[in-house]
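Protein chains: 6
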Amino acid sequence: MANDFDGMLPRTFIGCEAGYEESSIVLFGAPFDGTVTFRPGSRFAPSAMRADSFGLETYSPYQELCLENCAIHDAGDLDLPFGNPAKALEIIRGFTQRVVRDGKTPLMLGGEHLVTYPAVQSVFAKYPELCVLHFDAHTDLRDIYCGERLSHACVLRRVWELLGDGRIWQLGIRSGTREEFSWAAQGHTALYQYDLSGLDAAATQIGTRPVYITLDLDVLDPSAFPGTGTPEAGGVGFKELLRAIIALRPLNVVAADVVELSPHYDASGISTATACKAVREMGILLHRCSQGAGRRPA
Amino acid sequence: MANDFDGMLPRTFIGCEAGYEESSIVLFGAPFDGTVTFRPGSRFAPSAMRADSFGLETYSPYQELCLENCAIHDAGDLDLPFGNPAKALEIIRGFTQRVVRDGKTPLMLGGEHLVTYPAVQSVFAKYPELCVLHFDAHTDLRDIYCGERLSHACVLRRVWELLGDGRIWQLGIRSGTREEFSWAAQGHTALYQYDLSGLDAAATQIGTRPVYITLDLDVLDPSAFPGTGTPEAGGVGFKELLRAIIALRPLNVVAADVVELSPHYDASGISTATACKAVREMGILLHRCSQGAGRRPA
Amino acid sequence: MANDFDGMLPRTFIGCEAGYEESSIVLFGAPFDGTVTFRPGSRFAPSAMRADSFGLETYSPYQELCLENCAIHDAGDLDLPFGNPAKALEIIRGFTQRVVRDGKTPLMLGGEHLVTYPAVQSVFAKYPELCVLHFDAHTDLRDIYCGERLSHACVLRRVWELLGDGRIWQLGIRSGTREEFSWAAQGHTALYQYDLSGLDAAATQIGTRPVYITLDLDVLDPSAFPGTGTPEAGGVGFKELLRAIIALRPLNVVAADVVELSPHYDASGISTATACKAVREMGILLHRCSQGAGRRPA
Amino acid sequence: MANDFDGMLPRTFIGCEAGYEESSIVLFGAPFDGTVTFRPGSRFAPSAMRADSFGLETYSPYQELCLENCAIHDAGDLDLPFGNPAKALEIIRGFTQRVVRDGKTPLMLGGEHLVTYPAVQSVFAKYPELCVLHFDAHTDLRDIYCGERLSHACVLRRVWELLGDGRIWQLGIRSGTREEFSWAAQGHTALYQYDLSGLDAAATQIGTRPVYITLDLDVLDPSAFPGTGTPEAGGVGFKELLRAIIALRPLNVVAADVVELSPHYDASGISTATACKAVREMGILLHRCSQGAGRRPA
Amino acid sequence: MANDFDGMLPRTFIGCEAGYEESSIVLFGAPFDGTVTFRPGSRFAPSAMRADSFGLETYSPYQELCLENCAIHDAGDLDLPFGNPAKALEIIRGFTQRVVRDGKTPLMLGGEHLVTYPAVQSVFAKYPELCVLHFDAHTDLRDIYCGERLSHACVLRRVWELLGDGRIWQLGIRSGTREEFSWAAQGHTALYQYDLSGLDAAATQIGTRPVYITLDLDVLDPSAFPGTGTPEAGGVGFKELLRAIIALRPLNVVAADVVELSPHYDASGISTATACKAVREMGILLHRCSQGAGRRPA
Amino acid sequence: MANDFDGMLPRTFIGCEAGYEESSIVLFGAPFDGTVTFRPGSRFAPSAMRADSFGLETYSPYQELCLENCAIHDAGDLDLPFGNPAKALEIIRGFTQRVVRDGKTPLMLGGEHLVTYPAVQSVFAKYPELCVLHFDAHTDLRDIYCGERLSHACVLRRVWELLGDGRIWQLGIRSGTREEFSWAAQGHTALYQYDLSGLDAAATQIGTRPVYITLDLDVLDPSAFPGTGTPEAGGVGFKELLRAIIALRPLNVVAADVVELSPHYDASGISTATACKAVREMGILLHRCSQGAGRRPA
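Chains as they are written, first to last, in this note's numbering: chain A, 638 to 935; chain B, 638 to 935; chain C, 638 to 935; chain D, 638 to 935; chain E, 638 to 935; chain F, 638 to 935.
This is chain A alone, in the form it adopts within the complex (with noise of 0.2 angstroms):
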């Protein structure tokens, strides 16, 4: 990853330039958006994340730390196939796995939200008490979607089937049919609609159980996120997640990931830089977890 001279600007996301080796923490790029009905794109953020991240200072003010000082590894891009999503989830649960295998902390940059779902086997194999922690405008709950049950309107069902009942936390959603808020209803999920003052219900409910956090960007509102697929009004604004991430350090983080960011779609490029300043903050965060300040054991 190191370039061969001195002197030349870093390739990775910005201060995670440790080498694989002597990492706690692995970035990764997942670009897959094969599955997105209304507007695409998504395969671009990591690569967009990436150059836009020289935009940010290291330092987060808000939990003190650098991002140099976090020991994360950026492994890059995945080469994921269009028009194959079963072979693209195939790349990444593999790739996932080795990662968990080699006792670091994946942290995946979507991509469509749909990337989740290997990432989650992959964990899950390693820690049979996962529990998820989702902020998303969407249910994602549908069984099958356009006749695909391989869908990103179905990938918290997905993960359903594999956990089961009582292990997932949906916060911030705002979008979905009448068919999948009954079904969370029934006891499935704990969803929480339209703000993220679930999250210490949930936080106590997880207790030191191991957990993923899949971060759908849309969760936010669309002045503060503008470039995603499926705009929705009505989310969170960015403090609101700042303080949520920031408060899930007591909890046992052994994954995350940061998806649906669709950065042509947003010229200015405000969806870009808010998306790096999450991923920074989340990096900071795994990096508490996996340093104990968090962790428990598995």
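The set of hints was computed from the structure by calculation and includes no laboratory data.
Any given hint could be a false lead.
[Claimed, not checked] Among chain D residues calculated to face chain F with C-beta under 8 angstroms, some are:
id : residue
1  : 703
2  : 860
3  : 914
For glycine and all other residues, C-beta sits at the position ideal for the given N, C-alpha and C.
With chain A fixed as given, assemble chains B, C, D, E and F onto it according to the hints.
Leaving out everything else, chains B, C, D, E and F in the frame of chain A:
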């Protein structure tokens, strides 16, 4: 309106596929922006909303109802001449009159704000007790603007000439001349500045009288709604607007319009998406009101 | 398709208001872009073209004919699933088959280039002598791309499998792998590089056989057509393309498509305007051909 | 117009800092677009051109002259009412009259094309032998459009009513109704289609008569000039237009306008930059003509 | 500054048409962005603000005053060299000195934040007790940045060298290095993070001393202000900023600047519109202060 | 440069994955735009090109060669300070020197045009007979610009000081001051205006001498290349440029650069795509030259 073949996408606003006869609400576009002084383009709004409405669920978790179940007919867009405001207004007046005469509730998509005037004329002809609830950043109370009485900047003044004192409530206002604010303060309209907190008082005062809602989307903050002709910082958020729409349920809403989206000014598309969501919620509100949830005798 | 009321704007492509029965040409959209590898978004093309067609005159000074006089029915857009190319193609095949069976000429608006394959299948079923005239920047002759046989990059190869050697003429080609160029050079297709100068030779060789025209708009230079998924510098100008379309009049054109507009990538709207003009000229051409100006027995 | 202090940037179009008295050419803006039927926004053109003119050299290598040496006064922009075309035209007529009366050459920046009509009226009042040379994509020869006689689509027809047959040359035309082309062909105007090759014939026929040049920038191909209200593919390149402007030197050009830049539709800014360069070359041309290089007795 | 003719649009910021002599406030542009490290373009801000100010009312309902009544002279934009920060700063220093010497209040429109330094130098020369109130997302307290001491990232550090400890209040700060935050915390500046809640304390501590307000508009959240060089999520809303400006009335404000709009990064124009509104409110504030509402002896 | 894992996308310009040692050509970025006077942003060019190069085939049908087979190493981007041109140039000079010293051919991606100067210095040090072939819209021959000698507007003048008369050929030039054109005409450079027709004469005169090619992409017409700092209408088409590049094969090209892409000014991405294609063809050209196809003894 229906396509000649099965398996085709509808050409209506999503979920508004009822036939005219069976409908209780008639959605139609009034693509006119001929008197705009700063940035024109709201003529493209109805067409843009219809296209992007397909990025939206038809189910509203806020009102727990589906747009499909609201008996809404999408009649298409009126063919209006540019450069001749008087003739354009006549056409709008005529169509609204027909809708009202047929016992249906009009839901008009602008276009600039001047289109509200002829629609109010036709609704007022049926409901002499008509009140108007006006969401906007701007007072729109000038008597004459640039020498014209038929101008977007004069529309509420024209409406007042029709209805008289004590019939107009204005919410979210944050821009106007000193004279406009003074004129309103003489008791001609009830003008609430900056936010929507005057809504409860307005609802109480309106009581059971029939009410026309005119929603100028620039009442929203430019962050939430950049795609408009005269963005005015310091507006309300979408959640605030949404709460207000839902709070109108007890009222006897007999007509509504949603105006001033200028879609070309927002390439990110969030303004159109937000307008679509506002239309969905407004359509469901009108359905509830027409179903007697809020309907009282005219 | 007609509106329920007079005085409304049509919902069709401008000038294509003929009813299905009376029509001789059927225009329809195939909004699918699921196998695109670089920049997706052509799914939005048919809807964008329909809306912006109203900036166009229906009269062509080039062909001295009005689109209104061409008996074209706009059937709307097919409802196609994302994430499942095979199923989407099946639907396109079915609809084209019906149009052809009813003795009408199909004019399909893509979508990505893969949509051409099922349309050719249905047209070929009726016209076993079918030839294909292919305008494009790209060879599209890969056998497999990213592991998939049903890919936009393989579409002409699939068409070749159907038709065999000596039936395909490719014009304007300026991008492909070494293998694709070699394969074509083995006599499988007649591939003309860079410009449209091969058209005369192609027309002579095609003679009176029925011909399907597939117009990938990226054959145009990106300066003239920026709104496409894979802009490839060094293309032809619009005048050059226009001359080519008009030069096709003596041929027996039995079907056509216009593909690969990705409207969101060009906020200036010139790509959509240009696509609309190409569709107008193509529609008039098909009319001339169907009227026997160019029609010879199938 | 001059600033009160040295060391400030000029507020004029670059190189047009002459005072009114000492000037021989008067540049002014007519920011009106009230009758536009497709995409409005040319009201913003004069201001955008003035700002971006600073990206241009004042020296023209084509004409080997500097704009500073052309004695051009930039009088600013007229304050024109929207929604009342008649009044706006009256103001333009009045200002042009004053410029002409003071023995100076008007160089007007539109705005939409309708602004040409009142300017021609005032120039014609001084030069009864006036001819008009018209560069455009569109015929603009309708008698009535959308019920209006004062419309951008009728402007050359209005000019014809003033000047009569044999006084108008139209170049680059590629859009209009069948009726407009027929009407022109009856000898009312000399209409040359598609390119500027009719220029030599026009110049010969005009001879020493005074001529008004109206340059609708949409005569350029949309690739060169995307920022316009009604982009029409198949236009001329900038070099072609430039050669035409320079070829006008032998004529007795007594006034000119440059219209139909709609700058907000081209975020890349190339349309405004191109318009600025056209204005520079036109200004230098007018200077040469006013200096007698081309000037013959009126 | 005035035009030579009546009936022309002013070339100043709206409502700032006072002559220099009669003015008490002098608005001027400092279009320099030569040391920007991420996204440049604030050089275009003064010109963009002047143009778009015409979308704004001159009357402020917040402060119940019209900009026309504030005796503001718009002096235009300084002509500043790129590639030589030292020389550019010298010019700004000189002009500000003249304004201050003439007993008028400077209101400078940036440009990047570095332009604040020379303006403060000149104001400080007159008011040795000068305090600085700094609204910003960034600390701007580096001693050296990329090897340079004259950098936008060092501007408040340079100001501190001039004024010393206890004279600078920083509000809304949410980005910087660990070292910058530590350095501030040593008592060099009063740094308030994230929001503007430190304003009351600041006002109390400043008391009657003369104060310079420097408003870096990126203190606003990127949702409200996307058009800036280094968007930093988690900022304040416009209403919050507006309340802060108005709350400054009791202070003895002797100069102000508004910096870091980069208009080309926001094609929707809301950033420029918002900047214009901030300038209007700031101008009215300065007027109130200069009128003695808040003015106390220097 | 290689990733630590298989199955990841490369982080280089497409097809430039050779290691430094095995390479014969070294591609690197010089992201500097600190002296730009109109529209900055070329600092983002190398990163944008690298990302969008994946929309390009590596095979060139024009030169019938694949970029993979050209032994090109992508060394990444130099870390250059803003606000200090002298220091930035020193770093570029140093890196180029190393590449040249190691017997490899430098292929530099700008940045603004000033970056050419230090690269030429280092190449000249090795090849005292060095000639320069300059494609550009602008003369770039000022001695001093805005008081600075190290400016993008002076770069060819600085190069001339190094090389002397008769060593510089300038093609496509269409903008400059009268003084620059005169100075060139005194025999200092061979300046060909407007198009590339001077290329043959240039090639003959250069003969077997080593040549440095500097390609300012604004030599292209703005229609083909809108994303640049100073768009200048009337340029060459891409095909014309391509023919010129290929025609250079017989020359002894020892270094090249491609400068002045400013990607943020072209949201459609065609400028970046076009720049990538130019780089591909230039890389293949350099390979041919370095292979002796064109190489003659230095």
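Quick rundown of the hints versus the structure:
With 8 angstroms as the threshold, the beta carbon of residue 703 of chain D comes within range of chain F, its nearest partner Cβ sitting at about 7 angstroms, so the hint holds. Because the closest C-beta pair between residue 860 of chain D and chain F is about 4 angstroms apart, less than 8 angstroms, the hint holds. Taking 8 angstroms as the C-beta cut-off, the interface hint given for residue 914 of chain D holds, the closest approach to chain F being about 5 angstroms.
Checked against the numbered hints listed earlier, the structure breaks none of them; every hint is satisfied.
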